[in-house]
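K.L.:
Based on the hints, put chain V in the right spot on chain A.
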Amino acid sequence: MNRYLLPLGIFIVLVVFLGIGLGLNPREVPSPLINKPAPVFELAQLHQADKVFATKDMLGKVWLLNVWASWCVSCREEHPVLLDLARSNVVPVYGLNYKDQRDAALAWLKQFGDPYALSVMDGGGRVGMDYGVYGVPETFVIDKAGVIRYKQIGPVTPKALSEKILPLVRKLQSS
Amino acid sequence: MKVCLFLLLWLPIFTGAQIAQPTPDDPVANKRAVAMAERLRCLVCQNQSIAESNAELAVDLRRQIREQIAQGKSDDDIFGFMIARYGDFVLYQPPIKPVTYLLWFGPLLLLMAGIFMLIRYLRTRDRQIEEHELSSDERLAAQRLLNESEGPR
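Chains as they are written, first to last, in our numbering: chain A, 1 to 175; chain V, 1001 to 1153.
The shape of chain A in the complex, shown without the other chains (with noise of 0.2 angstroms):
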């Protein structure tokens, strides 16, 4: 009975080590930047291409950087979610438009509403670059000190949203 007891053992440690990777998504990759100052930049707006955007402007105030694309299918999942939290204006979201035609990026704004505050321009994807974007959407949030506290990988969903990102802003704010 004994010699049989460490193989079951060693087997059901292995499956429950398989459950958890399987449980696990790949796609999420832990953010270094959590924690750490959002990168600075400033860039231009979408609407309005002579004024500029800069993550300074922000200090002192509790924002959601979303990057969204008008080629980005996900982004049209997760598009209603940002414009209810919009007009719940608990927390200002800007967009930082990433890799976008300018014509593209109003025409689909005009199309499916605009939740953001305002949003700029990374045509060249360089500031996405410094923000780690690998997977368009990415919503990051950003605390009154500039710092990173949250990064959402892919959409923002009515769950993400009200278990994680609400509440973390409500104790951003509160701070």
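The set of hints was computed from the structure by calculation and includes no laboratory data. Be aware that a few hints might be false.
[Claimed, not checked] The calculated DSSO-like cross-link candidates involving lysine-lysine, where the alpha carbons are at most 30 angstroms apart (straight line), are:
1. A/Lys36 x V/Lys1073
2. A/Lys171 x A/Lys159
3. V/Lys1073 x A/Lys56
4. A/Lys56 x A/Lys171
5. A/Lys99 x V/Lys1073
6. A/Lys159 x A/Lys61
7. V/Lys1097 x A/Lys151
8. A/Lys36 x V/Lys1097
9. A/Lys164 x A/Lys99
10. V/Lys1031 x A/Lys99
Note that the structure is predicted; figures quoted are calculated from it, not measured.
P.N.:
Coordinates of chain V only, in the frame set by chain A:
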């Protein structure tokens, strides 16, 4: 007018040349860039290196490597740039640090566990085999059997 048009025709070449500049013709730098790209994982298609992948991000990062080589950055600087943005995950060969100890030394641990178990098994087996001396009768019987089988030949 014609001269003007003629000059305009040349314009794309000059502007184009400027955009294409980051790709160094220097074969040494080229080799370095490729070697580095092969050691970096593409985050979009995770089973390919940046050198192999045609994902847009991989193309951007390849260009980034070349640009930084042209700026005279060292390999460590460039890997540092990638790690700061995408984490250790971009490296195919993860660095040795406390969180990766199990990854690096786990196989060794398993090997040692295997050796330990083998030794233990051999020892118990040793104990289970009882050596017992043959009596003189048994010895004779064995001799007879041996002779029998050799006999007819």
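K.L.:
Of all the hints numbered above, which does this structure not satisfy? Sort the numbers upward.
P.N.:
When the structure is compared with the hints, none of them turns out to be violated.
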